[in-house]
Amino acid sequence: MIDTFENLNTNALPEDKFITGSCTISNGVVRKDGQTVLEKPGCTLSELLLSVYQSLDPGYPKFHKMDNLSKLGWLAAEILLQDTLVKERYKAEEVGLVLANANSSLDNDLKFHRSDIEVRSPSVFVYTLPNIVIGEICIRHGFKGEHCFFIQNEFDAAFIYRQVNYLMDQDILEACICGWVDVLGEEYKAALYLIEKKNNDKSIVFSAENLNNIFNNNRD
Amino acid sequence: MDSFTKNKIPDVYVVADNITSPLGKTTYQNFAALKAGETTVKLHNNQSLSFEPFFASLFNDNELFYPDKEAKYSRFERLLIASVDDAIKQGGIDPFDPKTVFILSTTKGNVGLLETEDEHPELYERVSLSASARLIAAHFGFVNEPIIISNACISGVVGIITGMRLLRAGEYETAVVAGADVISRFIVSGFQSFQALSNDVCKPFDINRNGLNLGEGAGTIILSSNQKYSSNVKVLAGSVSNDANHISAPSRTGAELAHAISKTLYDAGKSTSDIGFISAHGTATSYNDEMEAAAITIAGLQQVPLNSLKPNYGHTLGAAGLIESIVSIQSLKQGLILRTHHYEENGVTNEVNVCVTPTPTTTDTFLKTASGFGGCNAAVIFGK
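Going down the list, the protein sequences come from chains A and B. Taking the numbering used here, I'd label the letters of the first sequence as residues 1 to 220. Taking the numbering used here, I'd label the letters of the second sequence as residues 221 to 604.
Just so you know, the hints here were simulated from the structure itself, not pulled from any lab data. Worth double-checking, as some hints may not be accurate.
Computed cross-link-like contacts, SDA-like style, restricted to lysine to any residue with a CA-CA straight-line distance of at most 25 Å [as the list claims (entries may be wrong)]: (1) A:202 <-> A:78; (2) A:189 <-> A:35; (3) A:111 <-> B:271; (4) A:111 <-> B:268; (5) B:483 <-> A:94; (6) B:228 <-> A:162; (7) A:111 <-> B:468; (8) B:604 <-> A:170; (9) A:111 <-> B:414; (10) A:87 <-> B:465; (11) A:62 <-> B:468; (12) A:62 <-> B:473; (13) B:454 <-> A:172; (14) A:189 <-> A:57.
Covered stretches of chain B, going by a simulated chain A footprint (3 or more residues, C-beta under 8 Å) [unchecked claim]: (15) 341–348; (16) 364–370; (17) 384–395; (18) 455–468; (19) 590–604.
Note that beta-carbon positions come from the ideal geometry of N, C-alpha and C, so glycine has one too.
Pulled out of the complex, with its shape left as it was, chain A reads as follows (with noise of 0.2 Å):
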């Protein structure tokens, strides 16, 4: 990679911004801001999504149309933006996305795979793609800005990062939900960030290493 500080838009000289929300769900438990919000040791992933959708008991009937990763996704951004100003602070086109995982929509492929080739159906087969979570999380919130899926092989923070800094210094987004939903059967993660550029009590500087040190559950 080449040091091109120069080529920078010096407009946006790289502003503070800020992780001032996170969630993540793995391996059964539940996290909000670092703090364990709920756990569900020993269940199936299935069962999982369903206590932690009964826990937050959002009166939202489309969640349990939506495949594993749409759930698993939709219920880290219902927990993440909980308490937040987001919707009220910013207008839809100002909040965008960037998400990533490794298996793209493959949990969902197969099971669309393993259908009867004659009674297929379109609830499947509109989950055969990565970005549906993407759209899901801004149907519930009303999100109209830029966003992307990619696929990596694992969680690159520092890319993430350089994506989500680029289009908050540009000002092509006030607020950026970033981070990784992966599901392949029963293995699972979720680690989902908001970004802002006002800091409040409980945020950290955005960096890669902040990211990964949440990714990993080591913050604090």
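Here the structure of chain A is known, so what remains is to put chain B in place on it, guided by the hints.
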């Protein structure tokens, strides 16, 4: 942004490109075939893809794209290799250069392997897009970690926008943006389940349109921020938006695609009168074309000549945005706006200016739009 800081951001130029499709194996061959009015969408009776006959633009079964004696690459990967190889040769770029990045765009990649290979855990790794990207990067010797975009039917346009931004940010000097999709039973049966496939050749924006045709193909665009290409066509700006409305039906108003178009115009420093023509997504599904025409109208581009290349290529999914952008760059270079086949009578509420005969042009600027499942929309402007 004031003009001083704007000057600090490097321009992004199109260095070379390739289209590998049933119409031809180079951009030149493709454009010559399009000028001659050729389309490759036809009725296929292929039991391995569909029990019902269906209209699509497909390669011949025995098409190899790239000789692969060791059987190392899938059909999807061989198609990509053929396209990237030609573009690299046309552009004379060095894939080993550490300032070069490879961007791969696809909607369904190797999903067809689920149907042809025995299912086992290693297959899950083999069908992953990371596996494909790694193989292709190794084939050409790209040194940086490839970037993979899978964002439904806007993947190709998002690949171009992502490449443009990475070069503007100074992260790389050259971006090789390639997109491809091949058609499998998985894909055909999925679109059939949605009743999205036309029982005839597709008719974008027409009153009698009743669905899309699928297509196979690959497109590659090489972008550079090097000033030595300063006389080339530039990627001026691009934008992505979400409808936040429905995962499989487009926006009711088109306001979100319109927003992406307007933002792209603003960022490109262009007004609506600067846009010489629009390369539309124009899939010929009832909902897409209705929404797209509404968005174009909101953005003030209702009178601008517009074409859809879906009747020529079918919907090539993750390759569509690349293939259609590359054709349109040729339109700029050769001064000819291509026509939209099978269009006879307006079939959208907000009538748009569908180009029905090949039209000479002196324009140096065009708009490309795309939309897809998940409520995603993208717009990009190429020009001088």
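Going down the list of hints, with the structure as the test:
{"no.": "1", "hint": "A:202 <-> A:78", "in the structure": "holds (18 Å)"}
{"no.": "2", "hint": "A:189 <-> A:35", "in the structure": "holds (16 Å)"}
{"no.": "3", "hint": "A:111 <-> B:271", "in the structure": "holds (20 Å)"}
{"no.": "4", "hint": "A:111 <-> B:268", "in the structure": "holds (20 Å)"}
{"no.": "5", "hint": "B:483 <-> A:94", "in the structure": "holds (12 Å)"}
{"no.": "6", "hint": "B:228 <-> A:162", "in the structure": "holds (18 Å)"}
{"no.": "7", "hint": "A:111 <-> B:468", "in the structure": "holds (18 Å)"}
{"no.": "8", "hint": "B:604 <-> A:170", "in the structure": "holds (22 Å)"}
{"no.": "9", "hint": "A:111 <-> B:414", "in the structure": "holds (17 Å)"}
{"no.": "10", "hint": "A:87 <-> B:465", "in the structure": "holds (16 Å)"}
{"no.": "11", "hint": "A:62 <-> B:468", "in the structure": "holds (13 Å)"}
{"no.": "12", "hint": "A:62 <-> B:473", "in the structure": "holds (22 Å)"}
{"no.": "13", "hint": "B:454 <-> A:172", "in the structure": "holds (20 Å)"}
{"no.": "14", "hint": "A:189 <-> A:57", "in the structure": "holds (22 Å)"}
{"no.": "15", "hint": "341–348", "in the structure": "holds (count 3)"}
{"no.": "16", "hint": "364–370", "in the structure": "holds (count 6)"}
{"no.": "17", "hint": "384–395", "in the structure": "holds (count 7)"}
{"no.": "18", "hint": "455–468", "in the structure": "holds (count 10)"}
{"no.": "19", "hint": "590–604", "in the structure": "holds (count 5)"}
Of the numbered hints listed earlier, not one is contradicted by the structure.
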